[in-house]
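J.: Chain by chain, the residues run as shown.
There are 4 protein chains.
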Amino acid sequence: MSEKTSSVHYINYLALDKILDSQYLASKEKGDEAHDEMLFIIIHQTYELWFKQILHELNSVLKLFKADKIDESNIGIVVNRMDRVNKIMTTLIGQVDVLETMTPLDFLGFRNHLSPASGFQSHQFRKLEVLLGLKIEKRHQPGGCPYHAQFEGVKKQEILNLEDGESLFALVEKWLERIPFLNFEDFDFIKKYENAVNEMLEKEITEIKSADLTDQDKTLRIRMIDENRKYFERVLNEDQHKGAIKKEETKLSYKATMSALLINLYRDQPILHLPYQFLRSLVELDHKISTWRFRHMQMVEKMLGQKIGTGGSAGQEYLKQTVDKHKLFTDLANIATLMISRSYLPELPQNIKDKLGFSYVK
Amino acid sequence: MSEKTSSVHYINYLALDKILDSQYLASKEKGDEAHDEMLFIIIHQTYELWFKQILHELNSVLKLFKADKIDESNIGIVVNRMDRVNKIMTTLIGQVDVLETMTPLDFLGFRNHLSPASGFQSHQFRKLEVLLGLKIEKRHQPGGCPYHAQFEGVKKQEILNLEDGESLFALVEKWLERIPFLNFEDFDFIKKYENAVNEMLEKEITEIKSADLTDQDKTLRIRMIDENRKYFERVLNEDQHKGAIKKEETKLSYKATMSALLINLYRDQPILHLPYQFLRSLVELDHKISTWRFRHMQMVEKMLGQKIGTGGSAGQEYLKQTVDKHKLFTDLANIATLMISRSYLPELPQNIKDKLGFSYVK
Amino acid sequence: MSEKTSSVHYINYLALDKILDSQYLASKEKGDEAHDEMLFIIIHQTYELWFKQILHELNSVLKLFKADKIDESNIGIVVNRMDRVNKIMTTLIGQVDVLETMTPLDFLGFRNHLSPASGFQSHQFRKLEVLLGLKIEKRHQPGGCPYHAQFEGVKKQEILNLEDGESLFALVEKWLERIPFLNFEDFDFIKKYENAVNEMLEKEITEIKSADLTDQDKTLRIRMIDENRKYFERVLNEDQHKGAIKKEETKLSYKATMSALLINLYRDQPILHLPYQFLRSLVELDHKISTWRFRHMQMVEKMLGQKIGTGGSAGQEYLKQTVDKHKLFTDLANIATLMISRSYLPELPQNIKDKLGFSYVK
Amino acid sequence: MSEKTSSVHYINYLALDKILDSQYLASKEKGDEAHDEMLFIIIHQTYELWFKQILHELNSVLKLFKADKIDESNIGIVVNRMDRVNKIMTTLIGQVDVLETMTPLDFLGFRNHLSPASGFQSHQFRKLEVLLGLKIEKRHQPGGCPYHAQFEGVKKQEILNLEDGESLFALVEKWLERIPFLNFEDFDFIKKYENAVNEMLEKEITEIKSADLTDQDKTLRIRMIDENRKYFERVLNEDQHKGAIKKEETKLSYKATMSALLINLYRDQPILHLPYQFLRSLVELDHKISTWRFRHMQMVEKMLGQKIGTGGSAGQEYLKQTVDKHKLFTDLANIATLMISRSYLPELPQNIKDKLGFSYVK
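For the record, the sequence lines run as chains P, H, R and W.
Per my numbering, the very first residue in the first sequence carries number 33; after that it's consecutive.
Per my numbering, the very first residue in the second sequence carries number 33; after that it's consecutive.
Per my numbering, the very first residue in the third sequence carries number 33; after that it's consecutive.
Per my numbering, the very first residue in the fourth sequence carries number 33; after that it's consecutive.
In case anyone wonders, no lab produced these hints; they're calculated from the structure.
A few of these clues could be false.
Since the list gives no way to pick one copy over another, a pair counts as held whenever it fits inside one copy or between any two copies.
Stated by the list, open to error - Here are the simulated lysine-lysine pairs, BS3-like style, with alpha carbons at most 25 angstroms apart:
#	residue 1	residue 2
1	LYS385	LYS62
2	LYS274	LYS235
3	LYS279	LYS334
4	LYS84	LYS224
5	LYS101	LYS274
6	LYS274	LYS84
7	LYS60	LYS98
Put together the whole structure using the sequences plus the hints.
T.: Here you go:
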């Protein structure tokens, strides 16, 4: 079986004899080979290989954030790795198209041999969710059965340990809290920002009042602005924010939220641009995982209609519930609600600008 | 301005002087040009151009189905055009990525100039929904306001006329009802199929009973089969089916459903393959429109967070509601629930096979 | 290691303990782990899994075409499988984006450990090329070294056997030759078509002569038409066609070319639509493999610039050469050159139409 | 035609009455409407709209680089805009799939009405090429006819003016030359790098000599290293580099090349990360334009086979030539050849590190 043994050969390096000998068709074993079972196995194997890669990247990111002192040169690396994870997600979403070439009739040719195996039993995907920060009590649990009941021994323990450890969400929150810009020398960001918001809202109301609109229209628009004002207040006031966390309307701490806001507003400052790209990549990952669940749900609908999944679960319904419910970085997406246009943005004092930038072209 | 006037020039043929002179930046007019408004306008213009193309294709399909006698050679054409529409939808979904390069801060630079314009006012997209078969009473209507209130004069009348005309859904239903295979010479499809279903379910129960499973497991699985049996009965029994239509659990008529079932089961017969591809393309279109709404909703979340849309509507929430609610061909997707594996499929008598195929290679 | 052993578990069904334990980082073994080597291994493993799937589909297609009597109901199946292969190719092309997240500097972290392994040594991809019909003498051979020198023993023999067997190209050619439409009862297709071509060319020349054009323009256009005429003649005349095969300007036999032409011209006939889709899917596959080579070449350029590949070959240059040279179904793409517009198309006699269609809606 | 005239309506804001009334089918005018001409027009109109957007972005980037003093906070903006341009290119490449749903037979239904209009006459695409830096003498000119002969009056003058102005290539080169890092305080980058390269090459040779390889293998590998050494020398030696520019083997100036090398090697330094992303985005744009030309060429092959394009040009051949020949930023891609692995990278002195980074998390 040796291939040019003296030096590395592609086939050995990639362990292809092992990888390509891991497709055991249940239908074949039962003496009734179904052509399409190969696709079913291989696409799931590629999914799992990619999950391994995603875990590899996320674990490396977690490690960098767990360091006592985060080396600033690591944010560039983190951004690259998050970008890679998101590109892998694009592949995962795209390849649902391949599975959709399998028709219900083709699936029926081997479906009964699989029961009760189910994608719900993917150990790596469960790990991925926990690593990102999904808490067991936030999880959609069909039948009320805790999801790690799917696993035994070492594999179960691994999930339980991860649940106890620090997730990406927790580490990002801590990192944001440590960023020193909120009270930077003489610059009180929150106060300056609050003033700017009020100025903006006042100006908008004045404009509406003097506009050529019907009274009804004016009332409607002023009510909209009042809604916005309440939202600003709820987030900016530390006590209200804590109340919102208690009511589970939001998750990210007050201080972390303020830092994320600052990064979004002043992202053009060179030093803040990579942190900005990183925050955005987290929202992107959330959205891509959602989209993958959504496309997965459509695929199940095409394949099974209203039929019950191989694991005895109503697969389509489970997936539908998790599209939204398992999102983790909604608080970062919601920073968008707090944006104010550049014309209202408080000017940074020169001493801060000097810290945040670097004029390398004279 | 003439370009080689004696013969056709690319620039004139495409009316580019007109097309490329149709971007009026509201921010520029207000003396405060926002760089990103160009993108906002251009991407929406490309969306509308593509909607025009989709309407062009769908109208041609409708026309073919409205003919007194449907020429069988047209199904190939219909399949091609549906494939084109679906590829256009892929482009529309993909290009959401471009709009997502615009950040909340960039959007704020011109957003206030647009109010109350809103994508909800796309006349063509409303026409598209009505053409496919979306009924006004099935539509998600935020604030209870009928959607054609957005339009006036000719444009409003156009929508109202479309509402009265025959939609693609209605025409497909009629076409399916006319297909002559349900009682073809001596072959009573529904009866044969019902027998096959019962045989299959009985065999599955026998297998479970003799399997090496816990009693609890056996009970669970037999309950699953009973659920399936009820679903089969509900669809196969004409009276129950009519009841389900009344309760709005389903829409497609009994006869059309049976024809769609037959086409799905016997799609390998050459004459049924194109009809099968056509039915599948309708489910595909439904899914692609859903995915587009879904991605659109994510884009709005990234851009506005919880903020209210330019049209005064909570854009994100509206889009979220329509992802599922505005689907039209779910009944065709649900045919998947009725599939039985090839081993149970009633054999077609030779006289029917001869009609459905053609042995062109001796 | 048992997971709920009494019944099938996802982890066992997919052999995940084996699949996910097949990533041996050479850099780690040398005590100098490079983060990005994991990606390099995993992406190549997914490529190989997908190649296995493509071979599974193509082998099944070959088997259907090797049958003594091709069952017409199989063309639908073949079209589905080719569609699946093409969707897999789309995934393969798309996921080059993931590998491009690896930068030259990251690659250098482990590159020297791989030498001389090279993607050129992919046994499955070589099999794929031979299966489709690539002949060794048509292959781009850098350094003049036969490509199977990369392999030994069983693996080498497998390639050599495939070289001797019937490729997809050969089987498609044979199938086209057997299709009975060229001389169908009283209809002599080639003669009718030739007349139509001449009528078309004459009319075009007449139109040009009476058009409002400069003499120079007229001469130019008439010369263009003469070029077309020559091309038509070369293909339609059996002797000239054989000469062109000898000169390696074309590969597909005269009779097969004529059948492919007929299928393309009369594809709207229901019986010819699936064969038409099949021929088109072959051109599509050719193009997708080319695009994959092209994107692969770009990736190598980004990663290595002008550097020499791990296998000692100038990887980029090899890939560049094969983009075009390894295409197999160019003759089918070139049928496009022979199309004449529908207005010139000879009308099929009713007896043939009856054979090719089926009027299933009264 | 007024729609809610008191305030902005979607239809007016987007000038839809104008945009959607710009599709003039030549076939319809000739009384012989071809269904597919609509697609042909609309897809080209969307291409042109996207070209307008790309020009809008690139012009804004050029403007930022033309400033006397480049504001460092602009590099983040430039990176965003280049990312947008690249995402637009992805859309342009993807939507070739839509045009490929048009078959040769469908195209023939209106093709003769278009002559001699041709995509070659796209004024905006020509502008785009010139703006990026394509010089007329580097351009593939079929028939030797200068490409601006396609245009007249203002449109021709616009191209000629652009040819005289500063292209993106020229501005990037100048910006790279101005970057002050090559001789930064006491750090002589080129010398340090040269030493590192030599150390690396020596070590590689030593390793080969003591390796368990055949003599033939050793000779081969040492020859490979010598090839690399020559390439390093050619680029690092200013005189040789100038010679290479004269021989048109390379274009980018010596100093700019050295700066690009430094940025690539030390990209982890926060201050260099955005410049690194920018350089990478230029290579990406080059590759995406190439891929678009490549897919365009495939589409033409599917539609026309060997037939001559509407503009009298052999469209496919023209496109094929430009895939490679019209690339502009190959020198930046080739920086990859000069990378050395991190273990050989000269350590930056602390005073420089302090300038390039900012430790914002204590």
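J.: If a hint holds in the structure, say so; if it doesn't, say that too.
T.: Structure-based check of each hint:
1. LYS385 - LYS62: neither (71 angstroms within a copy, 30 angstroms between copies)
2. LYS274 - LYS235: neither (30 angstroms within a copy, 59 angstroms between copies)
3. LYS279 - LYS334: The answer is between: 23 angstroms across copies meets 25 angstroms, while 38 angstroms in one copy does not.
4. LYS84 - LYS224: Close neither inside one copy (45 angstroms) nor across copies (39 angstroms); limit 25 angstroms.
5. LYS101 - LYS274: The answer is neither: 28 angstroms in one copy and 46 angstroms across copies each exceed 25 angstroms.
6. LYS274 - LYS84: neither (37 angstroms within a copy, 48 angstroms between copies)
7. LYS60 - LYS98: between (48 angstroms within a copy, 23 angstroms between copies)
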